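Undergrad: Spelled out from the first residue to the last, the chains are:
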Amino acid sequence: MASARPRLFLIYLLPLWLLSPLAAAEERYREVEVSAPYIELQTGPGRAFPTIHAVGRGERVEILKRRTDWFKLRTHRGVEGWVHLDQLSGNLDHQGEPLRLDAPRLDDFSRRRWEAGLLGGYFEGAALLSAYGGFALSQNLSAELAFSHALGNVSSQLMADINLVAQPFPEWRISPFFTIGTGVIHTRPRSTLVQSEDRTDQTANVGLGARLYLGRRFMLRGEYKNRLVFTSRDDNEEYSEWKLGIAFFF
Amino acid sequence: MEIRHRFLLLKSRPIRQSVGFWLLLALLPWPSLSAAGGMESGKEPVILPDLGRREIVEPEIDTEDFEISLFAGALSIEDFGTNPVYGARLDYHLSEDFFLQADAGYSRASKTSYELLSGSAQLLTDSERDFTYYNLSLGYNLLPGEVFIGKGRAFNTHLYLIGGAGNTTFAGDDHFSINLGLGYRFLLTDVFALRLDVRDHLFDSDLLGEGKTTHNIELSGGLSLFF
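Quick mapping for you: the protein sequence lines, in order, are chains A and B.
Position in the first sequence (from 1) plus 86 gives the number in my numbering.
Position in the second sequence (from 1) plus 139 gives the number in my numbering.
It should be emphasised that the hints constitute simulated quantities derived from the structure, not laboratory data.
Worth double-checking, as some hints may not be accurate.
[Said to hold, decoys possible] Covered stretches of chain B, as calculated for chain A (at least 3 residues, CB under 8 Å):
no.	stretch
1	199-210
2	234-246
3	292-305
4	310-324
As the structure is a computational prediction, the values presented were derived from the model and not from experiment.
Don't be surprised by glycine CBs; every beta carbon is placed ideally from N, CA and C.
Go ahead and model the full structure; you've got the sequences and the hints to work with.
TA: See the structure below:
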């Protein structure tokens, strides 16, 4: 019995030991002072959630997290709630200066670094699905990686491309671009049709398109591409594709 | 200013004798010279200013616009029975109303009633029975709200509509497919949520001879994590 006691004691310590990494990882949050007459805390990140608390001018709050345009705050009394960006913007002081919490604008669109998007369209009459991610090397030039899937009646094609995209007028709301790229295309013929093997070929493409800034961090993107497939047969194949979709930057 | 002084000195020698020159000389910024003199005399400044800048690293505001979830459920594959389905979804919340979703799922078709009755006839090979899909969809939080459990607990919820396009690979072929659905997101905490989804995956198939649009209805439940 005497030896069992210390062991029991260790069992009590076990949860503490398990929780210790959590305690060590306790986060520091940005602390700000309310400069508006008051701001209202809601129970959830949405316009319809009820207001539970009001924070007056001069009170200090911590910004715990952000979800879309909603911020979760904690007062020094420990009350937590959500506030919309519009109510916070210009109403918080941080070390004596107004904290900038604006939504992205056209300037940010022109100066974006990363962007990603989903597009749909047609590839020689077949339905086309496409996803891409891009990184801006400069305001005028970006590098993109794109994956596409064309789903036709005779075959389906999977494509992966690396593209260079040049936009001469990055500050325009509707910003045209030119693109050139290379990649691979994998063709899978329908199993119900003629016996034919899967094949993978190299492709090159040129295209043009435009991005339309919609507001916040979103844009509409449309493009047309001419694709050349270097087949192992005598003739190369040429395909045209167009697509339209939604993209966002961050 | 300095360039102009030199210009004056070089160009017009007699100016050395002029009053203006001496006045200008007197107005030149001399303190630099006197400071240099101070250093020469070996006197060290009493207080060495601590010029090391204090770096204040402000914690970034944590944004949680992504949601990843794992789900399991039942998928009714048209003509091929109802079968278990597993998958994963990734959502990106564009605003409090809209979100984009990429999802992928896997199921396996069982036998058609014809295959079961005839005994030996097989419509599909073993590998052709795999049913995999992926979709790119747009969701809309139609009914955001709060539910109350017991007296002191409130949970945030969303009832959402979702629709999109994708690919379904079944019977060895890729099919362009459309999906439409309704879902329910129940936020246990700010970070974890339970999800219930009803989804219809539609695609054209001529597997049984005649071309038709098949409806493959999926019922699933999952757990998601915001990050």
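Undergrad: Now look at each hint and say whether the structure bears it out.
TA: Going down the list of hints, with the structure as the test:
no.	hint	in the structure
1	199-210	holds (count 6)
2	234-246	holds (count 4)
3	292-305	holds (count 4)
4	310-324	holds (count 6)
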